[in-house]
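> All chains should be built: construct the whole structure from the sequences, respecting the hints.
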Amino acid sequence: MDFGDSPEEAAFRAEARAWLAENRPMELEAGLRRFAARDRSNVHLPELDGVDALQASKDWQRRKYDAGWACVAWPREHGGRGASQIERVIWEQEEGIYARLSHVFFTGIGMAGSTIMAHGTDAQKAAYLHPMASGEHLWCQMFSEPSGGSDVAGLLTRAERQADGDWRLNGSKIWTTHAQIADYGLLIARTDPSVPKHKGLTMFILDMKSPGITVQPILQMSGRSTFNQVHFDDVPLPDSARIGPESQGWRVALTTLMNERLLLGSTPSTGVPELIDLCTRVSVGGRPAIEDSGVRASIARWVAQSTGLKYAMMRSISDLSNGRPIGPEYSVGKLVANELIQQVAQFAFDLQGPAGAMVEESEELSQFMAVLLDSPSLRVGGGASEIQRNIIGEQVLGLPQEPRPDKDTPFNETGARQSRQSAGPDRGGNDGG
Amino acid sequence: MIFEFSESQLQLKDAARKALDRECPISRVRAVLEDGRPFDRELWQFLAGMGFVGAAIPEAHGGAGAGHLDLCAIAGELGRALAPVPALSSVYLAAELLMQAGSEDQKARLLPRIADGSLLVCVAFSEGVGQPDLHHCRTTQAAGRLSGEKFPVLDGGIADMAIVPAAGPDEDMPSLFIVDLQGEGVSREALTSIDPTRGLARLSFDGAPAEPLGVKGEAGRLLDRAFDRAAILLAFEQVGGAERALEMATDYAGQRVAFGRPIGSFQAIKHKLVDLFVDVTLARSNAYFGAWALSNDAAELGLAASAARVSASEAFIHCATENIHVHGAMGFTWDMDCHLFYRRAHLLSVALGGQAMWQDRLVARAADDRQIAGEG
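Protein chains in written order, with the numbering used here: chain R, 36 to 468; chain H, 5 to 380.
Honestly, the hints are just simulated from the structure, not real lab data. Backbone N, C-alpha and C fix where the C-beta goes; we use that ideal spot for every residue, glycine too. There could be a bad hint or two in this list.
[Unchecked claim] In silico SDA-like links for lysine to any residue, alpha-carbon gap of 20 Å or less:
| # | chain 1 | residue 1 | chain 2 | residue 2 |
| --- | --- | --- | --- | --- |
| 1 | R | Lys345 | H | Ala302 |
| 2 | R | Lys345 | H | Asp279 |
| 3 | R | Lys442 | H | Phe270 |
| 4 | R | Lys369 | R | Pro308 |
| 5 | R | Lys369 | R | Pro60 |
| 6 | R | Lys345 | H | Ala303 |
| 7 | R | Lys369 | R | Gly450 |
[As the list claims (entries may be wrong)] Label pairs and their computed distance ranges (CB to CB):
| # | chain 1 | residue 1 | chain 2 | residue 2 | range |
| --- | --- | --- | --- | --- | --- |
| 8 | R | Glu421 | H | Arg113 | 42 to 52 Å |
| 9 | H | Asp372 | R | Glu399 | 50 to 60 Å |
| 10 | R | Arg359 | H | Gln271 | 27 to 37 Å |
| 11 | H | Gln271 | R | Gly321 | 40 to 50 Å |
| 12 | R | Met61 | H | Gln110 | 54 to 64 Å |
| 13 | R | Gln215 | H | Arg260 | 31 to 41 Å |
| 14 | H | Gln271 | R | Asp385 | 47 to 57 Å |
| 15 | R | Gln381 | H | Gly53 | 47 to 57 Å |
| 16 | R | Glu399 | H | Asp164 | 55 to 65 Å |
| 17 | H | Ala333 | R | Ala419 | 28 to 38 Å |
| 18 | R | Ala158 | H | Gln271 | 40 to 50 Å |
| 19 | R | Pro110 | H | Glu27 | 48 to 58 Å |
[Said to hold, decoys possible] Quick look at which bits of chain R chain H covers, simulated, 3 or more residues with Cβ under 8 Å:
| # | region |
| --- | --- |
| 20 | 353–361 |
| 21 | 420–428 |
And the structure:
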């Protein structure tokens, strides 16, 4: 066992470090750190006082692209560096807090980019990958719908083939991060309702400036608005925007969903070190909370979970470094981190006593409140915890699937609401009952 | 970065698994349980013959000199097999204490016999109910003779010698002593153990001749460190046991049919098993970091050991408990093997002090770590 870099890895790290020393936007560092303490997501645009965060993100992405540091593991011909997966992890370790300026591009680079690379035509690769890598085009991903988030394949949005061979899109997508600022979206729609649900789907690239698209921000319980609902009302879609064959959209979507490797570079931040700091400053029974045996018993479990998570992710990085397939360790990351984040935030809330309920407080205390109000969305987004448990149970432990009564039935005979007509803003938003 | 055993260590692990599958099937563990024997001496001799017992003992002292990563790999397999052998007392604790604190004469005299399996040494630190207090004790020492009582002592009934902390009449800080358990002034009584394949005893000393081990007054410091080192090795045993209990539960859930389908297809069971998998994964990852800290004598040893210990105890108990539950009513019968895992999981979770003690150690180390990080 050796936590050091191989000579090649060390050389790559030194090269990355030297470039970052010259080029990183140091003036944004403090603001990015303040934002990171409050926001545990890895796709949000940072909120920076007095700075246009979108422009700052685009500037950083462009600077990296020009020097070959955007999408380091992509082939050079598509705008990457042609580096290995472990080199990508090293890059992300070195980029550190500045990676927050890349998060707005992660949906595109991680999901749409890898999907186009695997299933796109040469023309699609040529048209979309370079501008995606450089930050010129911002992408969103549209899979979830009001009628179903976990059951993606049960989606209702229809793309219908027109006489000229192109398509017309009607329906609605939801929980779409960055839809309001995206140039393009990766979209999956039902093209054949007469076959079972997984078999009648097709993947498309949607130009977000197309006529008939309405984007409606969703106000979340935290008071923030990081998700949108998107409505399609007879949106024209050229056949050249199709990714992969007609009716093969589910197979294409699996590529997208499997691209979790995106997250591997950094260990999820759980708030445990911040909680320990808080326990040294807050009193319980006239003593620092950290000296209270009840407090210690509670936080010990989370300390062990957060170190276990950190080393599980390091084991996966080690697999990459040694050219092995990533082991099952990796699969527990999202599940453990998001449940831990919520438990830690709730404990920190309680530890402050009645003052925990005050929203206006010092920055170091208000971060717990911000995370507390955001944490429910983390447990749901990107595959709810229960879906994560199904995936681990079936794919890692090999347990049998539950019977799925609609699996082999033609979709239009399953009783799911059939959405032929447009679903404009006035009608969207209900969950289809 | 290589955060994995080396090829030769993986081969060793594989060889240990094959040997234990053959020599220590669960029926052999059950035979020890049902015969009322406190351990399997033939198996211990076999393991010593394979070089497993002395893996981390230097060649100069009769061991294989392979190091602690090899011993971690072996410990995982002993745990998986529920091997009814005194590895924790004689190897993880006693041999480690001798290597850390023993004189050249003591090492030359005792380590080769531990490595070849002919000498069993236990460490007698508990003095009744409660978490062990490594820095204080009631057992006294005067003029090289010990008096007092230690219980429960793991393997106290089968050991040839014991390492015992005791304090002189005017001393606050205890020192360590080696006591010949067959000698004068020693009486022992077998205690009933939750896991009869890992026996417990009460040792009573009445002027028993004792030989000093290590620097006077240093028992607390030596035991503290030895506990950290042993906790990492024991964590591998616990993770090995937890993995096998999870496999039993998963296999059964895939086969047992209720309401017209395998019970493992129901989310109530599937998600329960995934939660066990999560615990095992976190515990294994912590144990691996512990293995690195142990083999490099790293500054992070204390933090690594307590995290490994806390999560391994939780994982093994969780897996052993839910394995019974997934098996339904059959799970709590004598004839099913589930209770062997349940017994071992519970014994190991307190054998080095329980969760309360290790949670406390973990938070103390994590807080120190934060202060160091904050100052830097």
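> Each hint: holds or not?
Cross-check of the supplied hints:
1. Lys345/R / Ala302/H: Holds. Lys345/R to Ala302/H sits at ~18 Å (cutoff 20 Å).
2. Lys345/R / Asp279/H: Holds, because 18 Å separates the two Cα atoms, which is no more than 20 Å.
3. Lys442/R / Phe270/H: 17 Å, holds
4. Lys369/R / Pro308/R: 19 Å, holds
5. Lys369/R / Pro60/R: Since the Cα atoms of Lys369/R and Pro60/R sit roughly 30 Å apart, the hinted pair is violated (cutoff 20 Å).
6. Lys345/R / Ala303/H: 18 Å, holds
7. Lys369/R / Gly450/R: 33 Å, violated
8. Glu421/R / Arg113/H: 42 to 52 Å: 60 Å, violated
9. Asp372/H / Glu399/R: 50 to 60 Å: 20 Å, violated
10. Arg359/R / Gln271/H: 27 to 37 Å: Check passed, 31 Å falls within 27 to 37 Å.
11. Gln271/H / Gly321/R: 40 to 50 Å: 46 Å, holds
12. Met61/R / Gln110/H: 54 to 64 Å: 59 Å, holds
13. Gln215/R / Arg260/H: 31 to 41 Å: This hint is violated: roughly 51 Å between Cβ atoms.
14. Gln271/H / Asp385/R: 47 to 57 Å: 30 Å, violated
15. Gln381/R / Gly53/H: 47 to 57 Å: 54 Å, holds
16. Glu399/R / Asp164/H: 55 to 65 Å: 57 Å, holds
17. Ala333/H / Ala419/R: 28 to 38 Å: Since the Cβ atoms of Ala333/H and Ala419/R sit about 33 Å apart, the hinted range of 28 to 38 Å holds.
18. Ala158/R / Gln271/H: 40 to 50 Å: 44 Å, holds
19. Pro110/R / Glu27/H: 48 to 58 Å: Given a distance of about 52 Å, which is inside 48 to 58 Å, the answer is holds.
20. 353–361: holds (count 4)
21. 420–428: Three-residue rule met by the region 420–428 of chain R, so holds; n is 5.
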